[in-house]
Amino acid sequence: MMEWIARSLDRFMPPAASSYALDIDFVFNLVFWIVIAFWFVLVQAIFIGLIVRFRKRDGVGAQYITGELKHEHRFIAWPHYVIMICDVILVAAAIRVWYNVKQQLPEPDATVRIIAQQWAWSFVHPGPDGKLDTDDDIKTVDDLHLEVGKTYHYLLESRDVLHSLSIPVFRLKQDAIPGRVVTGWFKPITTGEHDIQCAEICGIGHGLMPARVILETPEQHAAWMAGAGTSPAPGTATGE
Amino acid sequence: MATQHVEPAHEHHAHPQESWFRHYMLSTDHKIICFQYMFTGMALAVVAGFFSYVFRMQMAFPGMHVPGWGLVTPNEYNMLITNHGAIMIFWVAMPVLIAAFGNYLIPLMIGADDMVFPKVNRLSYQIFLLSAIVLIASFFTQGGGFGGAWTIYPPLSAKPEYNLTPWGSSLFLVAVALEFIAFLLGGINFITTAMNSRAPGMSYHHIPIVVWMIVIASMLFMASVGPLIAGAIMLVFDQTLHTAFFDPNRGGDPILWQHLFWFFGHPEVYVVLLPALGITAEIITTMSRKKLFAYKTVLNTAIGTGVLSFTVWAHHQFVAGIDPRMANIFTVMTLIISIPIAEMMFVYIATLYGGSITLNTPMLWALSFIFTFLIGGVTGIFLGASGADIYLHDTYFVLAHFHYTFFPIAIIGTFAGVSFWFPKMSGKMMNDTLGKIHFWGTFLGFNGIFIPLFITGMLGDHRRIFDHNFFPELATPTLKGLREFATLSLLFMLAFQPIWFYNVITSLLWGKPAPKNPWNSNTLEWTADSPPPHGNWPTLPIVYRGPYEYSTPNRSEDYWPQNVPS
Amino acid sequence: MSDHAAHDHGHDHGGHGAGEHVHHPNYVRIWAILLALLIVSVAGPFIGIKLVTLMTAFGIAIVKAYLVVKNFMHIDIAAKYVAYFVVTALVFMFLFFAGAAPDVMKAQGRNWEKPSWVSGAVHAGTPGLEHGEEHGEGHGEEHP
Amino acid sequence: MSSARPIATTRSSAGMPTGRLAVWWVIASEIVIFGGILASYIMHRLAHDAFAAQAAHTNTWIGAFNTFVLLTSSLSAVMAHRAADHGDAKGAANYLWLTVGGGATFLIVKAFEWTHEIREGFTITSSTFWSFYYTAAGIHASHVLAGMVLMSYIALDAAKGREMQRVEYVGLYWHFVDIVWIFLFPLLYIAK
Chain A
11 MMEWIARSLD
21 RFMPPAASSY
31 ALDIDFVFNL
41 VFWIVIAFWF
51 VLVQAIFIGL
61 IVRFRKRDGV
71 GAQYITGELK
81 HEHRFIAWPH
91 YVIMICDVIL
101 VAAAIRVWYN
111 VKQQLPEPDA
121 TVRIIAQQWA
131 WSFVHPGPDG
141 KLDTDDDIKT
151 VDDLHLEVGK
161 TYHYLLESRD
171 VLHSLSIPVF
181 RLKQDAIPGR
191 VVTGWFKPIT
201 TGEHDIQCAE
211 ICGIGHGLMP
221 ARVILETPEQ
231 HAAWMAGAGT
241 SPAPGTATGE
Chain B
291 MATQHVEPAH
301 EHHAHPQESW
311 FRHYMLSTDH
321 KIICFQYMFT
331 GMALAVVAGF
341 FSYVFRMQMA
351 FPGMHVPGWG
361 LVTPNEYNML
371 ITNHGAIMIF
381 WVAMPVLIAA
391 FGNYLIPLMI
401 GADDMVFPKV
411 NRLSYQIFLL
421 SAIVLIASFF
431 TQGGGFGGAW
441 TIYPPLSAKP
451 EYNLTPWGSS
461 LFLVAVALEF
471 IAFLLGGINF
481 ITTAMNSRAP
491 GMSYHHIPIV
501 VWMIVIASML
511 FMASVGPLIA
521 GAIMLVFDQT
531 LHTAFFDPNR
541 GGDPILWQHL
551 FWFFGHPEVY
561 VVLLPALGIT
571 AEIITTMSRK
581 KLFAYKTVLN
591 TAIGTGVLSF
601 TVWAHHQFVA
611 GIDPRMANIF
621 TVMTLIISIP
631 IAEMMFVYIA
641 TLYGGSITLN
651 TPMLWALSFI
661 FTFLIGGVTG
671 IFLGASGADI
681 YLHDTYFVLA
691 HFHYTFFPIA
701 IIGTFAGVSF
711 WFPKMSGKMM
721 NDTLGKIHFW
731 GTFLGFNGIF
741 IPLFITGMLG
751 DHRRIFDHNF
761 FPELATPTLK
771 GLREFATLSL
781 LFMLAFQPIW
791 FYNVITSLLW
801 GKPAPKNPWN
811 SNTLEWTADS
821 PPPHGNWPTL
831 PIVYRGPYEY
841 STPNRSEDYW
851 PQNVPS
Chain C
-15 MSDHAAHDHG
-5 HDHGGHGAGE
5 HVHHPNYVRI
15 WAILLALLIV
25 SVAGPFIGIK
35 LVTLMTAFGI
45 AIVKAYLVVK
55 NFMHIDIAAK
65 YVAYFVVTAL
75 VFMFLFFAGA
85 APDVMKAQGR
95 NWEKPSWVSG
105 AVHAGTPGLE
115 HGEEHGEGHG
125 EEHP
Chain D
38 MSSARPIATT
48 RSSAGMPTGR
58 LAVWWVIASE
68 IVIFGGILAS
78 YIMHRLAHDA
88 FAAQAAHTNT
98 WIGAFNTFVL
108 LTSSLSAVMA
118 HRAADHGDAK
128 GAANYLWLTV
138 GGGATFLIVK
148 AFEWTHEIRE
158 GFTITSSTFW
168 SFYYTAAGIH
178 ASHVLAGMVL
188 MSYIALDAAK
198 GREMQRVEYV
208 GLYWHFVDIV
218 WIFLFPLLYI
228 AK
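Residue numbers (my numbering), protein chains in the order written: chain A, 11 to 250; chain B, 291 to 856; chain C, -15 to 128; chain D, 38 to 229.
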């Protein structure tokens, strides 16, 4: 059931490439089934039904209904309580996912530093020794290489204005705030090459700073790391 | 009860033969000030509508030479979207819905001859006009208009070397601050008039819902705009004096501005929603000849929604780096606030039960308001749920959601109000068939624009991105097709707008003269002449009952105006 | 409620609405109390204990504000909803403070911290702010 | 001022003269504006302890004297209201001019204080504390100035016995500006 809900609208969504992508889709689809498929359709049907049913007909006057009386007000009160129950379900689902994705960070296998600046993304990979801020780090611009199945922590910071790391296939969005280092996590589960966008307006180049996330199998990742280790990536942005 | 005595008529001292300029431009009559606000608002709506045409063309056909604008460069694109948003909210929705309808309806509907402070009323329009001029001037400064989104987030807006519009950003902020001052002055005038100048016999529960809604909207605006005025002063100092309120490198904090802005931002959307709800209530009850279902519930939910709107603002900032634990509080509050609004919608729909509905143009607009706003409301639940917002924030899903709430408010609400009160405002009837053609063209066109944009938003299209071809996953044929369909629907909708202008002008010149009460409505403005003279009535009316006594049992007529003694 | 011509011959013959002759307490006495409180609040810091200074500074400020509102502005004589508006404005300011404080006030929070190169804001732990983190230590500084 | 005042202004169906109701609404909107700047100041003040060091340079004595000046001008404002209430046009006008004088003294003292501080190098950009100090006190000073202009205009009318009810209304506004200073004083001067 949960699986079916999580996948019910995947035709209208980008592919799910991170471990919590399906959880976020689950919340989206749950809201869709409860609020749109049930409530919205019901209310619009009643609404249009009333218009058609009570159109002006000669000789038929309108009724005098104050709506203050108890039995009249029942029509408003009952949907009211059902809505509250639905809201409780939705809030529980939303907070559960929010807690897992944003609040609680699992133990990382590796850490990546992501630096946003006016109109480019630059990434610092931990390099073969697996630790960040060592001299064997691999700094790249616009290309983030990740290994499938590894839990990553990202340290997101901005050089100048507000940016926002948005990886649609991970269903991930996190604003980069100058003056803060924001930590989050993701865990790729499929291979492939996907877009990274900036989701917070950052000046003229906001729409012109695309980057790519390349999800590789452990072997490809090791090969890339070996290859990239020798020749430093062009024009690397050095984190302080 | 106050002793019932007829106040002396407003002494009709002979107006010295006023020059055209003094009579119209410097008038203190609430009706003329209404028209000033409305024409300014509608002129700016044409400007903002043109902006949306230009950037929609750029969205559908990137890099193309847009007829009427030429090539859209990235900074022009940012300027277009920023000012489209800001103009539509601050210089179209608020002046037309709150200031124009507020000025016209409040005195007439509560049986007063004018606002309590006519000169302050005129001053508020003049400051508003000045703010519009300052905004338009910001387009022609060196570097062009401000391009940092209507939310004016620092540090982008604070430093010219980031936003490359040194003059544009400061003038934009000054224009917004001036507009706030104009609406503070106007708001105090509206609230004091509605509270203090009601006709004898009009208790708090005899006030028509549209007056209540505009007054509650003014109170919400006044209570929420304060911190943003303080924030605007701090941001102007950051821009001009290089102080460091929002500069993270020197001890400031950009998140403080986001909180200051959205503490104002969310009550602001309810400020523009409530008057449109009021207009819809008036039209629905009149055209279905039905008493408003549960008047007290509508009133209490409006006040409830207003108060709750001060507790939800950070749902705009879920992923903006606020403390994740705070997001849980705001998710819960956002879903709680959806309850009173849903109840209000149920009450409006319940009002139609047992009615005899005439589907003329005003009623079509009012019903389409409910239909469209329901879509806007339900899609808000996706964004209020913090779990889903991680993905949906700043996508076209958000954009389609708030257009499904703003469009019914600003466009459908305005057309509904104007088509309903046009006979009273001008003394001429509007052509109903032309009205319906214009209605269906606009309604279908609007849905054609934003239903596809919901889907592009789910597929990962992000807002404010100048050219989607830079992102391979957003350049797929389906997304391209949806964007082109949206732009074509916009052109389809824009093609229908001249019909409305033609209808207004021809009705003004050669329309059928309108009787005092063309829709057989109960409220007091329909007891004055059309158009009402200065001072509205020879003797101010006295009120005996509520505004919605339609089809009361054992009465010959199916309406019972408020000022008819028995 | 009736608006018959009040005694003062101003145009606005709405008169005083509620009470005709507003009872004028001895203003000079209240003024003297205010001055005494001012002197105490200035003397506060000399005692040296930080808590006492805070108490005298802000406690007295609230008492002084109350005296001015009650006696000079006749808030109790005016219709009671005026007090509701003023208190609502204060509650909204407190709501704003409660919502914004956790982000703005702290040098680091859950999942983010200020890097070393941010000048003027670097220190290890924020002193003694953990407890009031949700609502911030501020006591809603606004004035009636 | 023989403007044709509409009947609407003379009604008080809310149980209060229109002028006083409007002034209370002005005060409500001002509370929210000053609340915004003070809330931001307090957040920054509690976030950075560097503030306390910077705040040490403010001169408490001048602040205390200014508080005394404003409290006294509040007294004269309410005395003006009492005089107006008893129909004493001359007395009301004189008390109003006394209040305006109090406001002028406040501004002059503040001018000296600011020039002294700026000469010592504490300008608005020297640190966020000083930015808040000048912004908050500056907004307050501009309200004092606006109050003085209004009060002199009303004092001229009151002297001729016209629009006496406005003496009370401008007094209300003046008390509010005084209360803002009652809170600004400890925030900027005492909490060191």
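Simulated from the structure, these hints should not be mistaken for laboratory data.
Just so you know, even glycine gets a beta-carbon here, dropped at the ideal spot from N, CA and C.
Be careful, since some hints might not be right.
Stated by the list, open to error - Covered by chain A, per the in silico footprint, the following chain B stretches (three or more residues, Cβ under 8 angstroms):
hint: 1; stretch: 431 to 440
hint: 2; stretch: 578 to 587
hint: 3; stretch: 592 to 606
hint: 4; stretch: 614 to 621
hint: 5; stretch: 642 to 653
hint: 6; stretch: 746 to 755
hint: 7; stretch: 791 to 803
As the list claims (entries may be wrong) - List time: in silico BS3-like cross-link candidates among lysine-lysine, alpha-carbon distance up to 27 angstroms:
hint: 8; chain 1: B; residue 1: LYS726; chain 2: A; residue 2: LYS66
hint: 9; chain 1: A; residue 1: LYS66; chain 2: B; residue 2: LYS802
hint: 10; chain 1: A; residue 1: LYS66; chain 2: B; residue 2: LYS806
hint: 11; chain 1: A; residue 1: LYS66; chain 2: A; residue 2: LYS141
hint: 12; chain 1: B; residue 1: LYS770; chain 2: B; residue 2: LYS321
hint: 13; chain 1: A; residue 1: LYS141; chain 2: A; residue 2: LYS80
hint: 14; chain 1: C; residue 1: LYS64; chain 2: B; residue 2: LYS586
Tested hints:
With 3 residues bearing a CB less than 8 angstroms from a CB of chain A, the stretch 431 to 440 of chain B meets the requirement of three and the coverage assertion stands. Requiring three or more residues with a Cβ within less than 8 angstroms of a Cβ of chain A, the coverage given for the stretch 578 to 587 of chain B holds, as 10 such residues are present. Coverage of the stretch 592 to 606 of chain B by chain A is violated. Counting CB-CB distances below 8 angstroms, 0 residues qualify, and the rule asks for three or more. With 5 residues having a beta carbon nearer than 8 angstroms to a beta carbon of chain A, the stretch 614 to 621 of chain B meets the requirement of three or more and the stated coverage holds.
For the stretch 642 to 653 of chain B, the stated coverage by chain A holds: 8 residues have a C-beta nearer than 8 angstroms to a C-beta of that chain, and at least 3 were required. Evaluation of the coverage hint for the stretch 746 to 755 of chain B: fulfilled, as 7 residues show C-beta separations to chain A shorter than 8 angstroms, against a requirement of three. Beta-carbon proximity to chain A at under 8 angstroms applies to 0 residues in the stretch 791 to 803 of chain B; the threshold of 3 is not reached and the given coverage is violated. Between B/LYS726 and A/LYS66 the CA atoms are separated by roughly 18 angstroms; this keeps the pair inside 27 angstroms, and the hint holds.
Note on A/LYS66 and B/LYS802: the hinted pairing holds, with a Cα-Cα distance of about 24 angstroms set against a maximum of 27 angstroms. At most 27 angstroms may separate the alpha-carbon atoms for a hinted pair to count; A/LYS66 and B/LYS806 meet this at roughly 23 angstroms. The hinted pair formed by A/LYS66 and A/LYS141 fails the criterion: a straight-line CA distance of about 76 angstroms is larger than 27 angstroms. Note on B/LYS770 and B/LYS321: the hinted pairing is violated, with a Cα-Cα distance of about 48 angstroms set against a maximum of 27 angstroms.
Distance hint between A/LYS141 and A/LYS80 is unfulfilled; the C-alpha atoms sit about 69 angstroms from each other, more than 27 angstroms. With a C-alpha separation of about 22 angstroms, the suggested pair C/LYS64 and B/LYS586 falls inside the 27 angstroms cut-off, and the hint holds.
Violated hints, listed in ascending order, are 3, 7, 11, 12, 13; each of the other numbered hints is respected by the structure.
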